[in-house]
Amino acid sequence: LSLHRPRILVIDDEPQIHRFLTPALEASGYEPAQALTAAAGLRDLAAHPSDAVILDLGLPDMDGKDLLLRARSFYQGPVIILSARDRELEKIAALDAGADDYVEKPFGVGELLARLRVALRRDPRRAEAPMRVQTGDLEIDLDLRLVRRGGGAVRLSPKEFELLARLVEAGGRVVTHRQLLTAVWGPAHEHDVQYLRVFVGQLRQKLEADPASPALIVTEPGVGYRFLAG
Amino acid sequence: MRPVALSSSRRAPGPPAYLCAIVVVGLVAGIAQISVPPLAGANLAMAFLAAVFVSAALFGLGPGLTAAVAAGVTYNYLFLDPRLTFRIAHPADLVTFGVFLLAALIAGGLAGRVREQAWRAQAQARVTAALLEASRKLSAAPTQGEAARALADQIAAAAGGAVVVLTPQDGALRILAAPEGLDTLSDTNASLAEQVWETGVPTPPHEMSDWRFSRLEGVGGRIGVLGLRGVASARDERLLEALVQQGAAALERAGLAKAASENEALRRADELRSALLNSISHDLRTPLASVLGSATTLIEFDADLKPGVKRDLLQNIAQEARRLNRYVGDLLDMGRLEAGALRPKSEWTDVRDVANAAIARLPPDAARRVTRDFSRDLSKVRLDAALLEQSLFNVLENAASHGGEAGRIEVAAFEDLAHVLIAVDDDGPGIPAQALHMIFDRFKRLQGPSDRSGGLGLGLAIAKGFVEAMQGRIEAASPIVGDRGARIVISLPKTTPTPRDLL
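So the protein lines, in turn, are chains X and C.
At position 63 of the first sequence the residue is numbered 63 (the numbering used here), and the sequence of numbers has no breaks.
When you read off a place in the second sequence, starting at 1, and then add 230, the result is the number in the numbering used here.
Here chain X stands alone, though its shape is the one from the complex:
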């Protein structure tokens, strides 16, 4: 019986981060691998098939976004970014360049591992994105373009539905403003963040139990939105 232990590559120049991440990943049933530089990380990623990458954005030898773009040419799996709060732009650029999610330093391992689980679950190589979501009294079926709440149909405008569909498809991962705007309104509107505020507000009114403190469509300040089901 061979149980596959997902291989997780951690690229961070701080040895102290590896010092606790390695045992934490091991204890969670993963097979951790370490790289202290961007160059070493790219080499490792090219040589060994990895199931997910945890990438620190503050690497001394390469900009995180560049590393991501290079890695994406041969690696399609999930990438979770470690970043400081004050490096907002770098973080968004990395997400737009194809990172799946991010965790802000300092972080508790529980938070990182939860993001990692979501990212692995939603890895397109492993499973199809869910077309049906049921959470509480809310039921969303993307194939049928149907949204029901407490048994009754919820009427959504086409744009509202598109927006909801993009968020649901991401399955718990953060979706940046730009990703949402280009997907729903087109590339010409990639900076019109105010559209999102209006339409997310309308969606919350129709879907959230308490629109004032949303639990379903969560704001990631300055970055984007996240759909949390269950």
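No lab work stands behind these hints, which were simulated from the structure alone.
No residue lacks a Cβ here, since even glycine has one placed at the ideal position from N, Cα and C.
Be aware that one or more of the hints could be misleading.
[As the list claims (entries may be wrong)] Just some of the chain C residues that point at chain X, by a computed CB distance under 10 Å:
1. 516
2. 523
3. 533
4. 539
5. 542
6. 546
[Said to hold, decoys possible] To list a few chain X residues with every Cβ distance to chain C over 10 Å, as calculated:
7. 6
8. 40
9. 66
10. 69
11. 97
12. 152
13. 159
14. 166
15. 185
16. 196
17. 199
18. 209
19. 221
With chain X fixed as given, assemble chain C onto it according to the hints.
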């Protein structure tokens, strides 16, 4: 270019001009007498008219009219029958004489007026040139002091006399520009100036003072007070006024420029501060991430972790917490230095004791690499032992981290005639020559952002700050052996070469 002096401007022609006009007429009369054949009739009249014209053109209206009268009189006296009398025999000559005199007066008057207009134009041109020059100098003055001096120079050159410029500083009027040798105003003058500053009303002539004060007004309000001495009040009043206005504008501009550059300096300081804040927040967050990550790993996976791993995580937490504590200590020290709140004590101290204490604070593996080379007899110096210990500790820590894991550190204490010196040597790779002068700068890490073990990059800057607060000096040298090694020397002044009370 020297300021144009207005004192050369022409005013009313003086007595010599009138005399010259008469001489010219006399000259023409003489030439007419001795010429062969003698000039007569219309030719003679023309010659006299020419003399009047020349006089008027050269000397102005008054001398021109004088020449006309002189020509008429001479013409009558010398050339109209009966000659050598002022009587006129023939009625026809009377008409001739009348016409001649009228023509001479008109010619003299016209030419003289043209001359005087030319003089006025020249004078106006000089005023304009003086103002332009003053304006150029004043607008080029980068500071209030220089603007005030330029104003004083221009006024002194244009109107003569002495000039003093006062501006308010720290709540009182102070001299910004004054003639050589004048450093303070007498009490009377100072209070007169103060009064003008407050009221804006120029001082009337005062029996106790030969200064006349007036307030310098800018666009945005009062700027200062101008004092004049020995300036004729009637002379070039308008030029003076224009100069004063320009001077006030220049003073105001220089004051605004100063305020603007102060704002610029503040803005730069702000930028630097936010850059430092970014750097600090990153440096603080990294150990925090280790502590939080290790602690949460222990909490979440307690049962699944091997004992060795648990111990390693706990050690990681302890190490990183110490590192954080050191950063906070460094930041506090730097804050004390920057706030100027450092009040070093001055106590007789044996620096060998301080060095030993600093070495003892090093981590054991670093302390083991230290060798001591202390002079047997060493003068005591007056200093703050705590500050010196922290400085030395920072220097030692720097040597320990840059000398490499196995590197040796040598601490020497010795003295020359005026100083006690402590040298810390390491045998690491040394400091590049171009970086030698910046190692005491704040947040300077030579190995770039990947080298985070060395701390915030504040240690040597704090050492320098502390040593200098005790009137000492700190210097670095590298390489010291072959092409390797670095030496940092702290030199502390001996208050007296040999403290008598301690021997």
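Now for the hints, and whether the structure bears them out:
Evaluation of the residue 516 of chain C hint against chain X yields a held restraint, the C-beta minimum of about 6 Å falling below 10 Å. Using the Cβ-Cβ criterion of 10 Å, the hint placing residue 523 of chain C at the interface with chain X is satisfied: the shortest such distance is roughly 4 Å. Given hint, residue 533 of chain C at the interface with chain X, holds; its Cβ is 9 Å from that chain's nearest Cβ, closer than 10 Å. Annotation: interface hint on residue 539 of chain C holds; nearest CB of chain X at approximately 5 Å, less than 10 Å.
For residue 542 of chain C, the shortest C-beta to C-beta distance to chain X is roughly 7 Å, which falls under 10 Å, so the interface hint holds. Annotation: residue 546 of chain C was flagged as interfacial toward chain X, and the flag holds, the nearest CB pair being 5 Å apart, inside 10 Å. No beta-carbon of chain C comes within 10 Å of the beta-carbon of residue 6 of chain X; the shortest separation is about 17 Å. Against chain C, the non-interface label of residue 40 of chain X holds: every CB pair exceeds 10 Å, the least being about 13 Å.
The beta carbon of residue 66 of chain X sits about 16 Å from the closest Cβ of chain C, which is more than 10 Å, so the claim that it is off the interface holds. Every CB of chain C lies more than 10 Å from the CB of residue 69 of chain X, the least distance being 21 Å, so the non-interface label holds. For residue 97 of chain X, the requirement that its beta carbon stay farther than 10 Å from each beta carbon of chain C is met, with the minimum near 22 Å. Remark: the non-interface label on residue 152 of chain X is consistent with the geometry, its nearest Cβ contact in chain C lying 41 Å away (cut-off 10 Å).
For residue 159 of chain X, the shortest C-beta to C-beta distance to chain C comes to about 39 Å, beyond the 10 Å cut-off, and the non-interface label holds. No Cβ of chain C approaches the Cβ of residue 166 of chain X within 10 Å, the least distance being about 32 Å, so the stated non-interface status holds. Chain C leaves residue 185 of chain X outside its interface by the beta-carbon criterion, the shortest separation being 34 Å against a cut-off of 10 Å. For residue 196 of chain X, the non-interface assignment is confirmed: its Cβ lies about 29 Å from the closest Cβ of chain C, beyond the 10 Å cut-off.
No beta-carbon of chain C is positioned within 10 Å of the beta-carbon of residue 199 of chain X; the least distance is around 35 Å. Under the 10 Å C-beta cut-off, the non-interface status given to residue 209 of chain X relative to chain C holds; the minimum distance is some 30 Å. The non-interface label for residue 221 of chain X is consistent with chain C: the shortest C-beta to C-beta separation is roughly 18 Å, beyond 10 Å.
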